[in-house]
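Participant: Using the hints, position chain B against chain A.
The residues making up each chain are set out below.
2 protein chains.
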Amino acid sequence: MEANLETISNEILAGNRRALARALTIVEDGGPEASSLVRRLFPYSGRAQLIGVTGSPGVGKSTLVDALIAEIRRGGLKVGVLAVDPTSPFTGGAILGDRIRMQEHTLDRNVFIRSMANRGHAGGTALATYDAVRMLEAFGYEVVIIETVGVGQSELAIAQTADTTILVLMPGSGDEIQAIKSGIMEIGDIFVVNKGDLPGASKTASEVMHSLELAKLPTAWKPPVLITVAETGEGMPEVWAAIGEHRKFLEASGLLVERRKAKVQAELEELVADMARSNLKASLAHSHIQDLLALVVGRELDPHSAAEGLMQELFGNGGR
Amino acid sequence: MEANLETISNEILAGNRRALARALTIVEDGGPEASSLVRRLFPYSGRAQLIGVTGSPGVGKSTLVDALIAEIRRGGLKVGVLAVDPTSPFTGGAILGDRIRMQEHTLDRNVFIRSMANRGHAGGTALATYDAVRMLEAFGYEVVIIETVGVGQSELAIAQTADTTILVLMPGSGDEIQAIKSGIMEIGDIFVVNKGDLPGASKTASEVMHSLELAKLPTAWKPPVLITVAETGEGMPEVWAAIGEHRKFLEASGLLVERRKAKVQAELEELVADMARSNLKASLAHSHIQDLLALVVGRELDPHSAAEGLMQELFGNGGR
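Heads up: the sequence lines are chains A and B, in that order. FYI, in our numbering the residues of the first sequence are 21 to 340. FYI, in our numbering the residues of the second sequence are 21 to 340.
Here chain A stands alone, though its shape is the one from the complex (with noise of 0.2 Å):
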């Protein structure tokens, strides 16, 4: 097997598409495999400009990535990407297989275009993306997006792996309006108001506008709003061009460096949370991890003491 993950490897770094998506697969899968994959290929990743793209469903976030691909395209660069689901943890299944839309990209080789299925919980569908971001840029891609669907906390999370955070409301967009107002503000680096050629465009556009200027936002950075048709295109070069200005701020202001580094930092924890997680998957069959279990079943021990047993019995003395 690590003479197969050498030649994907190697088949990767020569542009094979086929062994891409083989790879994809792998990282999506986790486990030892995707370790030595991500091994292998780390020295040639965090080349790519990551772009974040996440909204509720409804707002046209599909529709938008296609014309930012365009956009893209139309200035020679290659893009990679990857839209994650939210689907349902036990059949694993992704929600996004029609991307009909995305057609007139699929015969641009300069374009690669994935859907990824979750990984059970919330952790791992993060691990698995900053491993399948990796894949595409050593692969050459340029431009990595991620798009993820819905508001939920693991999908900002998602989201936010990526360098520039586009968030993408539509028209009378109440409910998430307020939510902006509370917090969800802070995540976006840019706010487009999409299906702006619906009714109340320009109103939802001041609304979070306002919003923003109450906000005290974490950095210098100022949010533009940006209204978009992305069905007919209009809006997207000035998208294209905001994401380009925030870029420069991020590299100006130092914070590329430091979000940067933030991001290992949260993916550490989450890999350290993932392998003790495993660790008390694998030893689930063993008969005094079962009378644990049993006895918080039976409501004789509350979770927490037996947690503390677990990481006892997983890890030894280090376990606190």
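You may find that some hints are simply not true.
A pair holds if it fits inside one copy or across any two, identical chains being indistinguishable in the list.
What the hints assert, rightly or not - Derived BS3-like pairs (lysine-lysine); straight-line CA-CA distance at most 30 Å:
(1) K281 <-> K242
(2) K283 <-> K301
(3) K281 <-> K223
(4) K242 <-> K98
(5) K236 <-> K301
(6) K301 <-> K98
(7) K98 <-> K223
(8) K223 <-> K283
(9) K301 <-> K223
(10) K236 <-> K223
(11) K236 <-> K98
(12) K98 <-> K283
(13) K268 <-> K98
(14) K283 <-> K236
Since the hints were derived computationally from the structure, they do not count as laboratory data.
Facilitator: Positioned in the frame of chain A, the structure of chain B alone reads:
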């Protein structure tokens, strides 16, 4: 502090609402105090019927929860509500602050409504929810409703800490239906098309029913699809009756015990992961851990190898 926690536990058991509010803040914050409180009150937990309510922003979840409270109170049962919000990882503020609609219940001592903020990562929020439910149970609430905003992965996981999960839709929820078709379907025990007075309600209900017929359901339970107008209370007795039916099904089939066992296992996995994460966070200041971080940022060491090194550092020989 331990003496203080003893007072809080005793006052909760004696029915002091202020003590309950304090306790919820403590479990929301997590850490050793939360564990200590859970340890004390765990024997009094596990007694409530747990109902999860989830769905996208705008479908009228909060109004539905209000109407459900009224329905439950008519039967004389005491009800607690936890509204879990997706919020900014930076501020941690709750967004459902203005539950003005719920004010009619605030004078009813047998109703307790609480918005919960997140704990910075999805797993932590789920853990806080488990513990918050225990506090409400120890206080004596016979029904606990767990309301989550959004259909993201972590929100669904939180809604599923309940025995019965209600997925709320509205007429014309096209994107939702698409999601339902390929997975989320298996998450709802009861489907509610709210805002049933809008055009297309029965069409949406039919689409859901059709998808359910095609879906491979995980158990013998056939999820009912109900139409409501939560604002007027229309259809709410049927929702409450369906919850009762599902409860009977869970008990008769032995699934109630099986589900609770699976939840204990999920909680322990998350607790162990959380302990590993906290352990790393507490050690971040150490210079050799800072050195490891710097190596990754400088691309001299990949994150997977670094995490393995960290497991060794944190847990000694036991870390795989």
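Participant: A separate judgement is required for each hint: does it hold in the structure or not?
Facilitator: Going through the hints against the structure:
With identical chains, the CA atoms of K281 and K242 are at most 30 Å apart within one copy only, with a shortest distance of 22 Å there and 49 Å across copies. Taking the closest pair of Cα atoms, K283 and K301 come within 30 Å of each other both inside a single copy (26 Å) and across two copies (14 Å). With identical chains, the CA atoms of K281 and K223 are never at most 30 Å apart, being 38 Å at best within one copy and 50 Å at best between copies. In the homo-oligomer, the alpha carbons of K242 and K98 lie at most 30 Å apart inside one protomer (28 Å), although the nearest pairing across protomers, at 48 Å, exceeds that limit.
In this homomeric assembly, K236 and K301 come within 30 Å of each other (Cα to Cα) only across copies, at 26 Å, whereas the closest approach inside a single copy is 42 Å. Proximity of K301 and K98 under a CA criterion of 30 Å is satisfied in neither setting, with 40 Å inside one chain copy and 37 Å between copies. In this assembly of identical chains, the alpha carbons of K98 and K223 never lie at most 30 Å apart, being 36 Å within a copy and 43 Å across copies at closest. For a Cα distance limit of 30 Å, the shortest separation of K223 from K283 qualifies neither inside one copy, at 35 Å, nor across copies, at 45 Å.
Proximity of K301 and K223 under a CA criterion of 30 Å is satisfied in neither setting, with 51 Å inside one chain copy and 43 Å between copies. For the homomeric pair K236 and K223, the shortest alpha-carbon distance inside one copy (22 Å) is at most 30 Å, but the shortest distance between copies (44 Å) is not. Taking the closest pair of Cα atoms, K236 and K98 never come within 30 Å of each other, the shortest separation being 36 Å inside a single copy and 40 Å across copies. Taking the closest pair of Cα atoms, K98 and K283 come within 30 Å of each other only inside a single copy of the chain (24 Å); across copies the shortest separation is 44 Å, beyond that limit.
Taking the shortest Cα distances, K268 and K98 sit within 30 Å of each other inside one copy (20 Å), while across copies they are farther apart (56 Å). Proximity of K283 and K236 under a CA criterion of 30 Å is satisfied intra-copy only: 22 Å inside one chain copy versus 39 Å between copies.
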